[in-house]
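Q: Spelled out, the chains give:
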Amino acid sequence: MTTPQQETVALGVAAPAARQAMRLQTRHWVLAGAIAVALVLPFVFQGFVVFQLTEVLIYGLAILGLNLMTGFNGQFSVGHGAFFGVGAYVTAIMMQRWNVPYYWTLPPAGIVCFVVGILFGLPALRLRGLYLALVTFAAAVALPQLLKFHGLEGWTGGVQGIVVNQPDVPAFLPIIDADQWLYLFTLAITLLMFWGASNLTGSRTGRAIMAIRDHEIAAAAMGINAPLYKTLTFGVSALYTGVAGALSALAVQFVAPDSFSLFVSINFLVGLILGGMGSLPGCLFGGLFVLYVPNIAESLSRGLAGVAYGVIMLLVIFVMPSGAAGFARYVGGLLARHREVELPAHRATPNAVARPAQRVEHQRAESAEND
Amino acid sequence: MQLFLQQVLAGLANGAIYAGMALALVMIFLAIDHLNFAQGEMATFSTFIAWQLLAWGCPYWITFVLVVAISFVGGIAIERVLFKPLHNADILANLVAFIALFSILNSADGYIWDYTIKTFPTPFGSKPLFGSVLIDAHEAGMLVVTAVLLGLLYLFFSGTRLGLAMRAAAHNPVSARLVGIRVGWMTALGWGIAAAIGAVSGMLIAPVVFLDPNMMFGVLLYGFAGAVLGGMTSPGGAVLGGFAVGVIENMAGTFVPYVGRDLKLTIALLVIVAVLMVRPAGIFGRTTVSRV
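From first to last, the protein sequence lines stand for chains R and H. Count along the first sequence from 1, then add 410; that gives the number in the working numbering. Count along the second sequence from 1, then add 96; that gives the number in the working numbering.
Mixed in with the good hints there might be a few duds.
Simulated restraints, written as ranges between beta carbons of each label pair [unchecked claim]: (1) R/Val729 / H/Trp281: 20 to 30 Å; (2) H/Val240 / R/Leu532: 37 to 47 Å; (3) R/Trp514 / H/Leu101: 53 to 63 Å; (4) H/Gly280 / R/Val741: 27 to 37 Å; (5) R/Val510 / H/Gly280: 57 to 67 Å; (6) R/Leu725 / H/Val244: 38 to 48 Å; (7) H/Thr215 / R/Arg507: 44 to 54 Å; (8) R/Gln456 / H/Gly280: 49 to 59 Å.
It should be emphasised that the hints constitute simulated quantities derived from the structure, not laboratory data. All values derive from a computational prediction rather than experimental measurement. Think of the CB as a built atom: it goes at the ideal place given N, C-alpha and C, for glycine as much as any other residue.
When you get a sec, could you build the whole thing from the sequences and use the hints?
A: Encoded structure:
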């Protein structure tokens, strides 16, 4: 027979595990629902909207690449547009110059960007903060010039750029049009790569990457090979953004040097910060923001579109200083506290769950400041 | 030899523009510990105000003083309204605010004064100096004004109580507050000074590159490169870095065969990255040591 006291202890032990299982289950349901909605969307909307949604996925993927490096590893980059551009050009050159089928161009685009990323990652090891930003910034500024360079015109097409053919719908799917097929193709690649990123960040390697962000010296003292992980993260980050660039070449059907100016990199950075550093779903929010908000701003006033965009950005950052992901965590915390008032018996547990999360958040902000 | 000298001098003249921008960037970096991405747009806005005053018939030097004063007040106002609420926020939240400010000012310029390219007068004239082709009067004037500005700032920061207080507030805000320095107002003052420097460099650059809403963007890129090359913590280094960027860029364009003309910016950036490999905190920058 159990005394009442033992009963509460048992409950106290069992409750967090059960709650965690439930939360995991909820998360799976939300994920499944989101994927289902994403699958249905291209059949609800048509034409241009499908193209825009494809672009949201592509931006989300590119921002994910930046997030792996900046959000998870703490290395700052203002030049990811360069990797985006390199990926796009690899796909365009392979398809149009060498007649390679479009789906075979994605792995080489990723690999080329991985190698370029490693090459940039090596000098980056010695630099941090603004000085590191300058190296990546140099990449972003130099790329359009390199693409226009007359010695490479045979490949890149110079200022004219390259027109890319839209991928054909495969023969076994005759009922959908080319835009819808491209959307579904992009969705499949995006899901695959988000799954990969989620596994990476949840693994031992991922913890090493984040430990370097939180405190590099302490991480090195724990036996983590910081230079190796930092360089590899740079490479993988470039790979992700490069694949996104390759997909964007397919979606836009055109690549030109001036499509990959510094502003692309700045857009990625805005999307990353507003989506939330170190959050995977946040990347997609960032993609949505970067693609749709400039359009909304333009519809408010053509002449003052830039003012409207800036004001919206300021409002978002004042309301959600740690991005959409941080805001979601904050609202989640409020809801948990609300529930705790309703169920006083379980008071201790939600607190214990909520507090460490807040502390991690705080430390993250601090370590970002110290960098 | 003649060609070499001419290229160096032309590089120095461009470099003076970059040096002014680099100086403004470093000033605000020292005052608020952030790199002001909207610095160039603030300078462009000030220059447009100057253009408007001149168009209304205000004499040049009165306009000059007025615009510097307006910019100083405007810089303080921006800090008080936009950035004070964010001073505890993440560095990246501040970055978004800078990008937003950039977008707002750039778009407002275009809306108020439209996107046509405007000429801007120079107070120095544009005759060749000393009858030679090496440098003209405006370029020489620009060099002199930049040098005077740097000298004044050096005196302000090293010789006055207020300058010392500002440096203390940026270097260690908590300790500075404990000895009675009003850190918040020092930051605002830093913004005001940076906006005023920006206004001066904008008015000096406009006669060369002509005035339009995107006038400063290219200059900002070079200025940033110069500031990092010289070291973000050293105003003198930033000025030298700005001049160096101008000269390297010009030299690469003239003396590097085959790729030079098309890729001069790329070559300049490569040189800078190579220098940073050897001196990771810039040539004159202080390496910050932190206790673990």
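Q: For each hint, tell me whether it holds in the structure or not.
A: Comparing the hints with the structure gives:
1. R/Val729 / H/Trp281: 20 to 30 Å: holds, 27 Å
2. H/Val240 / R/Leu532: 37 to 47 Å: holds, 43 Å
3. R/Trp514 / H/Leu101: 53 to 63 Å: holds, 55 Å
4. H/Gly280 / R/Val741: 27 to 37 Å: holds, 31 Å
5. R/Val510 / H/Gly280: 57 to 67 Å: holds, 59 Å
6. R/Leu725 / H/Val244: 38 to 48 Å: Once the Cβ atoms are compared, 42 Å apart, the range 38 to 48 Å for H/Val244 and R/Leu725 holds.
7. H/Thr215 / R/Arg507: 44 to 54 Å: Check passed, 45 Å falls within 44 to 54 Å.
8. R/Gln456 / H/Gly280: 49 to 59 Å: holds, 54 Å
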